[in-house]
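Asks: Taking the hints into account, I'd like the entire structure generated from these sequences.
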Amino acid sequence: MTIAATVSQYLRDQSVDYQLVQHPHSATSRESAHAADVREDQVAKAILMRDDRGYVLAVIPASSSLDMRAVHDETGRNQLEMVPEDELGRTFPDCELGALPPLGQAYGITTLLDSSLGHCDTIYFEAGDHEELVEMDGSRFAKLFAGSHSADLSKDWP
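My numbering numbers the first residue of the sequence shown as 7 and each following residue consecutively.
Please keep in mind that the hints were generated in silico from the structure rather than gathered at the bench. Keep in mind the model is a prediction, meaning the values are calculated, not measured. Take the hints with a grain of salt, since some may be wrong.
[To be verified] Computed spacing ranges between beta-carbons, pair by pair:
hint : residue 1 : residue 2 : range
1    : 8         : 85        : 35 to 41 Å
2    : 82        : 15        : 30 to 36 Å
3    : 125       : 96        : 32 to 38 Å
4    : 28        : 82        : 36 to 42 Å
5    : 146       : 90        : 29 to 35 Å
6    : 93        : 30        : 24 to 30 Å
7    : 128       : 153       : 32 to 38 Å
Just so you know, even glycine gets a beta-carbon here, dropped at the ideal spot from N, CA and C.
Replies: Shown next, in the form of structure tokens:
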């Protein structure tokens with residue numbers, strides 16, 4: 007597989023330059039960082055949640071875990087739960103299971119961005135498969151999230 011069609015089209019529509027970085031097959035964003043020989047804190051990972059009002063995608067560094075209290079505080083939605091993997095395929099139909107790109111806005115999903123990602127010179131994220139990362143300038147990545155909420159959503163791994 008290659009970059010998801012929705013991601014490719016969205017990046018083209020936003021006039022954002024990027025490169026694809028191939029790496030050995032990986033199962034998680036942290037593994038992708040290691041496989042591509044990049045720092046975990048430069049890899050933006052996506053976590054899809056839902057409640058009765060719909061989906062929310064949180065984007066945090068692969069080096070961190072999601073702080074659900076911060077998500078609840080930011081959204082006012084206290085019933086958000088992580089989406090089971092079998093549902094991911096219906097929401098991101100052009101992506102391999104578990105290889106979610108952080109561009110929820112490309113899929114019509116409310117997206118929250120961890121503020122720490124706004125300080126990276128270079129950002130990497132899943133292209134929609136388990137063998138490629140999208141690489142782009144940090145300022146261009148931030149431009150993609152201009153209409154999204156930014157907050158401190160992550161915490162160090164326990």
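Asks: Go ahead and decide if the range 36 to 42 Å is satisfied by the Cβ distance of residue 28 to residue 82.
Replies: holds (41 Å)
Asks: Please check whether residue 82 and residue 15 have a Cβ separation lying inside 30 to 36 Å.
Replies: With a Cβ separation near 32 Å, residue 82 and residue 15 satisfy 30 to 36 Å, so the hint holds.
Asks: Within 32 to 38 Å: is that where the Cβ-Cβ distance between residue 128 and residue 153 falls?
Replies: violated (22 Å)
Asks: Confirm or reject the claim that residue 8 and residue 85 have a C-beta distance inside 35 to 41 Å.
Replies: For residue 85 against residue 8, whose Cβ atoms are near 36 Å apart, the range 35 to 41 Å holds.
Asks: Mind checking the hinted window 24 to 30 Å against the Cβ distance between residue 93 and residue 30?
Replies: holds (27 Å)
Asks: Should the hint that residue 146 and residue 90 are 29 to 35 Å apart at their CB atoms be regarded as holding?
Replies: holds (32 Å)
Asks: When you take the CB atoms of residue 125 and residue 96, is the distance between them in 32 to 38 Å?
Replies: 34 Å Cβ-Cβ, so the 32 to 38 Å window holds.
Against the hints set out earlier in the document, a violation occurs for number 7 only.
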